[in-house]
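Chains A and B, in that order, give the protein sequences.
Heads up, the first sequence is in the working numbering, so the first residue is 1 and it goes up one at a time.
Heads up, the second sequence is in the working numbering, so the first residue is 1 and it goes up one at a time.
By construction, these hints were calculated from the structure, which means they are not laboratory data.
Treat the hints with care, as some may be off.
[What the hints assert, rightly or not] Which bits of chain A does chain B cover? Going by a derived footprint, with three or more residues having C-beta under 8 Å, they are: (1) 6–16; (2) 31–37; (3) 57–63; (4) 93–103; (5) 140–149; (6) 155–163.
Just so you know, even glycine gets a beta-carbon here, dropped at the ideal spot from N, CA and C.
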Amino acid sequence: MFDTLFVFLSVFTVVCALGAILNRNTIDAAMCLLMCLAGVAGLFVALHAFLLAFLLLLVYAGAVVTLFLFIIMLIDVRGATGAPRRRMANVAGVAALALVAAGLASFVSRGRPALPPPPAGGAVGESLKAYAELLFTTYLLPVQLIGFLLLVAMLGVIALSRKLP
Amino acid sequence: MIAATLNAYLGLSAVLFAIGFLGVLLRRNALVIFMGLELMLVAATLALVAFSRFNATMDGDVFVFFILTVAAAEVAVGLAIVVALFRRSGTIQVNELDSLKN
Chain A
1 MFDTLFVFLS
11 VFTVVCALGA
21 ILNRNTIDAA
31 MCLLMCLAGV
41 AGLFVALHAF
51 LLAFLLLLVY
61 AGAVVTLFLF
71 IIMLIDVRGA
81 TGAPRRRMAN
91 VAGVAALALV
101 AAGLASFVSR
111 GRPALPPPPA
121 GGAVGESLKA
131 YAELLFTTYL
141 LPVQLIGFLL
151 LVAMLGVIAL
161 SRKLP
Chain B
1 MIAATLNAYL
11 GLSAVLFAIG
21 FLGVLLRRNA
31 LVIFMGLELM
41 LVAATLALVA
51 FSRFNATMDG
61 DVFVFFILTV
71 AAAEVAVGLA
81 IVVALFRRSG
91 TIQVNELDSL
101 KN
């Protein structure tokens with residue numbers, strides 16, 4: 001049952017990711033990306049990371065994809081038109097994909113029998129309290145840095161979107 | 001039937017990363033390139049969550065928090081740059097942005 005769910009979610013995610021990359025229409029691509037992220041959120045639930053699944057949907061689907069759609073509506077007037085695909089880019093893409101596939105194959109063929117089985121029962125990070133405890137003790141400095149990063153990003157966006165003189 | 005082992009999750013993560021990478025390399029629309037970048041980040045988070053679950057630790061899960069935040073900031077700044085680019089040069093096809101070439 002659990003494996004069936006995993007296979008279904010992975011196939012769904014990969015197909016939607018391919019759709020996001022290969023789709024000629026940018027809005028369709030954004031929608032495929034949204035479905036792909038929903039699939040990844042499902043995989044997070046299968047991994048018992050409920051809070052992260054919720055956050056992924058909230059941040060990516062709620063903010064990032066919406067922002068993409070706004071920008072597409074603003075500027076993508078020409079859609080898929082453009083110069084024909086260059087030969088070199090195709091060759092480079094296929095070579096890069098072959099490299100990743102080779103790395104993956106070597107990883108799989110080496111075999112890792114020592115991998116731990118999933119622990120019985122719930123995951124460590126199932127409760128919100130565990131996250132809060134880690135975030136406000138061990139990772140306090142990164143949390144503050146991330147807050148500063150968000151401030152800098154906000155200022156950067158304001159500076160970038162001013163009218164040009 | 002594929003069992004939902006750590007290897008399966010890592011393989012899926014690698015496949016997602018490869019798809020995003022392919023999108024960055026092959027597409028010329030700056031927005032779709034951004035979507036490829038997002039896919040690569042999500043693939044990395046999937047690997048982190050899987051490692052966290054199978055090793056019964058929480059550090060990977062906490063890292064995903066930071067990755068999500070960085071991704072949100074990156075998208076905000078990147079899309080602002082794309083809009084500024086479009087205002088300036090009237091296109092977001094990266095093969096037409098060649099003013100530094102000559």
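Here is how each hint holds up against the structure:
For the segment 6–16 of chain A, the stated coverage by chain B is satisfied: 5 residues place a CB nearer than 8 Å to a CB of that chain, which reaches the threshold of 3. For the segment 31–37 of chain A, the stated coverage by chain B is satisfied: 3 residues place a CB nearer than 8 Å to a CB of that chain, which reaches the threshold of 3. Remark: the segment 57–63 of chain A is confirmed as covered by chain B, as 3 of its residues place a Cβ nearer than 8 Å to a Cβ of that chain, reaching the required three. Under the rule that three or more residues need a Cβ within less than 8 Å of chain B, the assignment of the segment 93–103 of chain A holds, with 6 such residues.
Given as covered by chain B, the segment 140–149 of chain A passes the check, having 3 residues with a CB less than 8 Å from a CB of that chain where 3 are the minimum. Proximity of the segment 155–163 of chain A to chain B, defined as three or more residues with a beta carbon under 8 Å from a beta carbon of that chain, is established by the 4 residues found.
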